[in-house]
Structure formats: C-alpha cells, structure tokens
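Undergrad: Top to bottom, those sequences are chains A and B.
Heads up, the first sequence is in the numbering used here, so the first residue is 25 and it goes up one at a time.
Heads up, the second sequence is in the numbering used here, so the first residue is 1050 and it goes up one at a time.
Since the hints were derived computationally from the structure, they do not count as laboratory data.
Just so you know, these numbers come straight off a predicted model, no measurement behind them.
Among the clues, some could well be false.
The calculated label-pair distances, taken between Cβ atoms and stated as ranges, are [claimed, not checked]: (1) B:Arg1076 to A:Pro28: 38 to 48 angstroms; (2) A:Arg413 to B:Asp1286: 54 to 64 angstroms; (3) A:Asp173 to B:Glu1233: 37 to 47 angstroms; (4) B:Phe1079 to A:Ser102: 46 to 56 angstroms; (5) A:Thr249 to B:Glu1233: 20 to 30 angstroms.
So these bits of chain B aren't anywhere near chain A, every CB distance computed over 10 angstroms [said to hold, decoys possible]: (6) Val1063; (7) Trp1073; (8) Asp1080; (9) Glu1185; (10) Arg1189; (11) Gly1203; (12) Ala1211; (13) Asp1224; (14) Arg1266; (15) Ala1277; (16) Arg1282; (17) Leu1290; (18) Thr1291; (19) Arg1297; (20) Pro1316; (21) Ala1319.
Backbone N, C-alpha and C fix where the C-beta goes; we use that ideal spot for every residue, glycine too.
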Amino acid sequence: MTDPVLDLDDLGFETGAHLLVQRALGDLAPGARLGVRGRDPLLDPHLRAWCRPRGHTIVPAGGPVLAWIVPGGADRWSRAERAGDPGGVAAKAPAHWGLAARGALVEPGGPEPAFDLADRDLVWAEIAPALYAHAASAQWDPATAIPWDAEFALPPDIERAVVQIMTYLVENEQAALVVPARLLARVHPHFREVAQLLAVQAADEARHVEVFARRAALTGGPLGTSAAGGRESLTTLLTEPDFSLASFLLSVLGEGTFLNLLAFLDRHAPDPVTRRAVRLARQDEARHVAFGVAHLRHRSETDPHLRSRLRAAVERRHDALAASAGLNQDVFDALILLAAGEWSPQAIRRGHAAVLDLRREMDEGRRRRLVHLGFPDDEAAALSALHTRNFM
Amino acid sequence: MTLVMGAVAYDPKVVTIWAGFRAWFARQGFDFDFVLYSNYERQVDDLAAGRIDAAWNSPLAWIRARRLAGGRLEPLVMRDTDQDLTSVIVVREDSPYKDVADLKGETVGTGAVDSPQATLIPSALLRERGLRPGEEVAVRRFDVGVGLHGDHIGGERDAARAMMSGDVAAACMIDADHLLFVREGTLPPGGTRVIGRTRPYDHCTMTAARATPETDRFRDLLLSMDAADPDVRTLFDLEGLTAWRPARTSGYALLERAVDDEGFYDPAGAVTAPGYRP
Chain A
25 MTDPVLDLDD LGFETGAHLL VQRALGDLAP GARLGVRGRD PLLDPHLRAW
75 CRPRGHTIVP AGGPVLAWIV PGGADRWSRA ERAGDPGGVA AKAPAHWGLA
125 ARGALVEPGG PEPAFDLADR DLVWAEIAPA LYAHAASAQW DPATAIPWDA
175 EFALPPDIER AVVQIMTYLV ENEQAALVVP ARLLARVHPH FREVAQLLAV
225 QAADEARHVE VFARRAALTG GPLGTSAAGG RESLTTLLTE PDFSLASFLL
275 SVLGEGTFLN LLAFLDRHAP DPVTRRAVRL ARQDEARHVA FGVAHLRHRS
325 ETDPHLRSRL RAAVERRHDA LAASAGLNQD VFDALILLAA GEWSPQAIRR
375 GHAAVLDLRR EMDEGRRRRL VHLGFPDDEA AALSALHTRN FM
Chain B
1050 MTLVMGAVAY DPKVVTIWAG FRAWFARQGF DFDFVLYSNY ERQVDDLAAG
1100 RIDAAWNSPL AWIRARRLAG GRLEPLVMRD TDQDLTSVIV VREDSPYKDV
1150 ADLKGETVGT GAVDSPQATL IPSALLRERG LRPGEEVAVR RFDVGVGLHG
1200 DHIGGERDAA RAMMSGDVAA ACMIDADHLL FVREGTLPPG GTRVIGRTRP
1250 YDHCTMTAAR ATPETDRFRD LLLSMDAADP DVRTLFDLEG LTAWRPARTS
1300 GYALLERAVD DEGFYDPAGA VTAPGYRP
C-alpha cells in the first residue's frame, strides 16, 4: 500500500490548509501516514505547529513531499455518545447531554447543567410538537392585529369598567407569563418541543400583558384596582414546583376558566379594540389549555397516583386561599356593568344574570376537563367548586 | 507522604489545571499537592533547596535549576507538545527584508526579557547570523509578564503588533504563535513572511528535586494519563498536551548557549541578566 500524498498547491495554514489536511487524515487507512506537499513558504513551521497540539508526529520526507504526518493523539470522540434519537424523545435525558441537540454526537467531559425536569413523563405530551408548530404559526403582532385607531366613545362608567377588567387581566397574565417561564428554565433541552411550547406560551402572555395594558391606558384615565385577594390567588400559582401540578392549576383550571371569561368579554365588549384583544388572547389560551390537558393525560397513563395528587393540589390551594377574598369586587361589578351595558335596573338584572351564567359555564368547563382527565363526575364537581374564586 | 509540586501561576487556569490533576491523583490513591509561585526564579530556588519535591519548569527554569542543583535533579516528564519547537523571525510581506542578515541596522521586536522562545533563542539566531543585539541590530523588548519565562504571550503579541504597525522591522515568536496570531486576527493572513527560523528545541519539563519512590510513582502516573478519559482530556486541553512523554534533556542546547551569550544566569545559576526583576 502506498501512503497517500496531499498536494496543497499554494494554500497555507493561514488560509485554511488545515481543512484539507484534516480531511485527508480522516480518510487515511489504519496504519497509513499522510504525505504533504505544497508551495506555501510557511508550510513547514505551520504544519508542525498545527500537528503538535493534535498529537500527530511529523517525519521529514524527501523529494517533493515536505513531510509525513503520522496520525496520533487520542480520539476525543472514542467515548462519545448520541444524545438520543433525533426522531423521538428518550425516557430520561442525562445531565451530561446538556444543551446538545437531540441526536448530536456528544463529546464526554462537558458540563452537567442542572435541568431537573429530565424525565419524559414529567413534562411530555405527544401533541407537544404539533402544538408548538401551531403556536409558532399563530403568532400575531400586537401593533397591527388590533384596531388601535378605531374610533369609539364609551360612557365614562362603561369605560371605567373596561379599564378595571383590563387591570385585572394584566395581573393575571403576568402570573401566566412567570409560571411557564420558570418551568421552561428547568426542562431538559432534550425535550425541546416542551421548552419551545413554554417559550411561546410565555411570549403569548407577554403580548396579552401588552395589549391589555395598552387598552387600559387607551383613553388616558387611571387604571383600576388590584385586590390583595386576587394577587394572593395568583401568588399561589407561582409557588407550585411540580411541573404537572403547576400545569394543572395554571393551564387546565386557571386558563381553562379564562376561556369562558374571554368569550364572555368578547360577547359583551363595548368597543372593537377590547373585542379584538380578548378574542386573540382566547385563541392563545386555548392552546395552553390543550397542552396542559394533553400532558396530564400522558402523565396519568404512567402515574396511577396522579389524580390523587391533582386533587390534593386543588385542596391545598383552596385551604391556602380560604381566608382571602377571592375575586376583586370591583372586577365582579365591572363584569355585570359590561354585560348590562347601562345603569337601568332591568339592564343590571340582565348583567347580573349573565355573570352568574358565566360562572356556571366556567364550572361546567372545569368539570368537563376534569372528567376528561379521568375524575368521576361527582369528584369533578367537588374539585371544580374548590377552584379559586379569582378565576385564575 | 505528600508529593508537593511547584507551578507558576502565569494564568488563572493554572489553578483549574492542577486542582484537576490533584483530584485525578487522589482517585489513583496518590497523595499529591501543589503550590503556586508568582515567578519561576522563586520556584527554582525552592526546588534546588529541596523545599518542594518537584517543579513544573519552563525550559529556562530547568537550565537554572540544573546549574543550581547539579546532578541531583531528576527530569521526569514533558508534554508531547514540548518537543521540537521552533521560533521564527517574522517581517511584513511588503517589507524589503529577505533574510535575517537584512535586518542589520534595524530594530527587532522580541518578547519579555526572560522569554526563551521569543527573546533568548531568537537572539541567538540573530547572533549566529552576525547581528549582535544592541550592536548590529537594535532590540526592542516587549516586557509583559516578566518572571513568567514567556508563558504569558502578551509580549510576543505586542511585538507582532509593533511589526505590523512599522514600529519594528521584525518580530520574534514561537511557530505556533505565528499561526495563532493569524487566526485571532493580530496578523493578516498572507501579510507576513518568515525570514529566519531556529533549529528545533524543547520547552517545559517536570523536574524532581531528587529521585524518590514517590517521584517515580508521580512520573509513572503522569505517563499513564489517557486523553481518551474525559476527566483527563479537559485538563490536557487546558494544559496543551495530548500525552505526557518521558523527559529528555537533549533539547536545551540552543537555550543553554543563549543563556551564556546573554549572560542571563552565571554557570552557578545566579541571576545575572541586567535589568531582570521578576
């Protein structure tokens, strides 16, 4: 067998010769050496300087061949492993896969970042990749998707009611932004569709915060009130460390309940800006609910104790909030006024009935989702009744 | 008994490297620790006096230690990358210099006063070609990290910059740093020429104050380190080697000669270099 000779022509190591040498070394048969020839005046010192830290030995040659490279050095990839299969997710993602792409060849000896949500069943749902794709395609631009310039003039009381509801929505959406953002930072990157979905979910909430805050400030009046009980209810969401329980409390129960609220606001919105904002937000929230439900379905298939833990989480939160006021009275009243549309006793009665209908719809929605997760009807009804009066 | 090795803290990574090696030795059941020095002269003093069992020596430190301690010293290992290095004298592509001799009457930029690769060995090449530093050719030293024996390459880089800006006619550096300076953008690709190159020489070496069963074990363990082991490889990457090799002392003749010509150390190992304050 003749050892191959690489002719670099006038290409030097200052302008990329290492690529050709590396490629030729990669193609070398075991036991063979590589001859190098070329016309770059700096070829010899640079070839030596390049080979030295790689463990290759240089043997001087004669004739047109400048030198022979005898490949050496440890193969740093000899103990490398694939970070799973690009087409599917592993049951457990080891810490040393770290930030590597799924399916990448991972050099050992790297850092082991502490992503504690590294077990597929703790975070996964089969629908996650499809939901992410949908979420990415359904992004809307707050600047153009909402008719901010539409002309309308509301009676001052109705405008104040809208502003009060927007003030309430902003604080709820801020909680809904923080929860997925916190979970996202803990999900092992191997489960990237879940991380992507949570990232878009947080971005959705960021837009909701923006449009609701902008609608609240649109007519220049002061913002509404923020009740201690409402914020207390939201704060309990932030402290739930378990991915599935947090997803259950926020997405299935909280955002699920919000679907009804946003539909109600769409129905009774007194102006095109409010109507469009709540309608767009509702589309996003429906996706968040769908992931929460799908994840919990996936988890319940592998964890027979999940339902009892979900129940305990609802009960724990209810107990924690037992002494708080729940929904801000100003919000409740604003919802009635919005549905009434004016101050006549008949209209107020109609508005009050509409808000009671809303609560019934919310309860039915929660019960339906709980039954979907495998709870018997009576237990679903009992748990729905324990849900926070703050809606979220 | 603990084997205590000295190393010079030329860069913060030295702590990472030797703390990592210490942990690796502990896993092999070998009791090893290290002390850090701010300069090589202090380390060599302690090695020669037997206050430390071994020292990770620069080539210049090896020469002085040998002069101070004579045959008591035991060379142990060196990195594979310490063998057969060359230094180059580099000029701008558009300059008129074709050969080292053309630098007569010009100014040459070197590294720090105590850099074997960027000052002492290239100066010997100049002398060999009839250009005595300070006589036929002026030398402008870039004294960065004095006392670190050239481990800090800042001086070499400053000399390269001065050559590109025209402050000096030529710059001296180790072959690998010429490539590095092109890659990092200090020198433009194709913008320089090499007009002189030294013969090959060796660089750092691990030296024991005297051979003992512990230093034998230390040497054998170092030689057994395998870069395929991820724990070892990350440390090797930082220290710049792919394998430890048995130490050889045949690669220091050029530097010995340069040290004598410059009067850097006297034959007994005293520091005699004018203006050298590590």
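Undergrad: State for each hint whether it applies.
TA: Consistency of the hints with the structure:
The supplied range of 38 to 48 angstroms is met by arginine 1076 of chain B and proline 28 of chain A, whose beta-carbon atoms lie about 42 angstroms from each other. About 59 angstroms separates the C-beta atoms of arginine 413 of chain A and aspartate 1286 of chain B, a value consistent with the hinted range of 54 to 64 angstroms. A hinted range of 37 to 47 angstroms is violated for the C-beta pair aspartate 173 of chain A and glutamate 1233 of chain B, which are about 53 angstroms apart. At roughly 25 angstroms, the beta-carbon separation of phenylalanine 1079 of chain B and serine 102 of chain A lies outside the given 46 to 56 angstroms, and the hint is violated.
Taking 20 to 30 angstroms as the suggested C-beta distance range, the pair threonine 249 of chain A and glutamate 1233 of chain B does not conform, at roughly 60 angstroms. Distance check on valine 1063 of chain B: its Cβ is at least 18 angstroms (rounded) from any Cβ of chain A, clearing the 10 angstroms threshold; non-interface status holds. Every beta carbon of chain A lies more than 10 angstroms from that of tryptophan 1073 of chain B, the smallest distance being close to 12 angstroms; the non-interface claim holds. The Cβ of aspartate 1080 of chain B lies farther than 10 angstroms from every Cβ of chain A, with a closest approach of about 25 angstroms, so its non-interface assignment holds.
Look at glutamate 1185 of chain B: its CB is around 25 angstroms from the nearest CB on chain A, clear of 10 angstroms, so calling it non-interface holds up. At roughly 23 angstroms from the closest C-beta of chain A, the C-beta of arginine 1189 of chain B stays outside 10 angstroms, upholding its exclusion from the interface. Against chain A, the non-interface label of glycine 1203 of chain B holds: every CB pair exceeds 10 angstroms, the least being about 19 angstroms. No Cβ of chain A approaches the Cβ of alanine 1211 of chain B within 10 angstroms, the least distance being about 20 angstroms, so the stated non-interface status holds.
Some Cβ of chain A comes within 10 angstroms of the Cβ of aspartate 1224 of chain B; the nearest lies about 4 angstroms off, and the non-interface call is violated. Consistency note on arginine 1266 of chain B: stated as away from chain A, and its beta-carbon is indeed over 10 angstroms from all of that chain's, at 23 angstroms minimum. The beta carbon of alanine 1277 of chain B sits about 4 angstroms from the closest Cβ of chain A, which is not more than 10 angstroms, so the claim that it is off the interface is violated. Chain A draws arginine 1282 of chain B into its interface by the beta-carbon criterion, the shortest separation being 6 angstroms against a cut-off of 10 angstroms.
With a closest Cβ-Cβ approach of about 8 angstroms to chain A, leucine 1290 of chain B is found to fall inside the 10 angstroms limit, against its non-interface label. Here threonine 1291 of chain B does not stay apart from chain A, with its beta-carbon only about 3 angstroms from theirs, under the 10 angstroms limit. Annotated as non-interface, arginine 1297 of chain B keeps its C-beta farther than 10 angstroms from every C-beta of chain A; the closest such distance is 15 angstroms. Proline 1316 of chain B, annotated as away from the interface, keeps every beta carbon of chain A farther than 10 angstroms; the closest lies near 32 angstroms.
Distance check on alanine 1319 of chain B: its Cβ is at least 34 angstroms (rounded) from any Cβ of chain A, clearing the 10 angstroms threshold; non-interface status holds.
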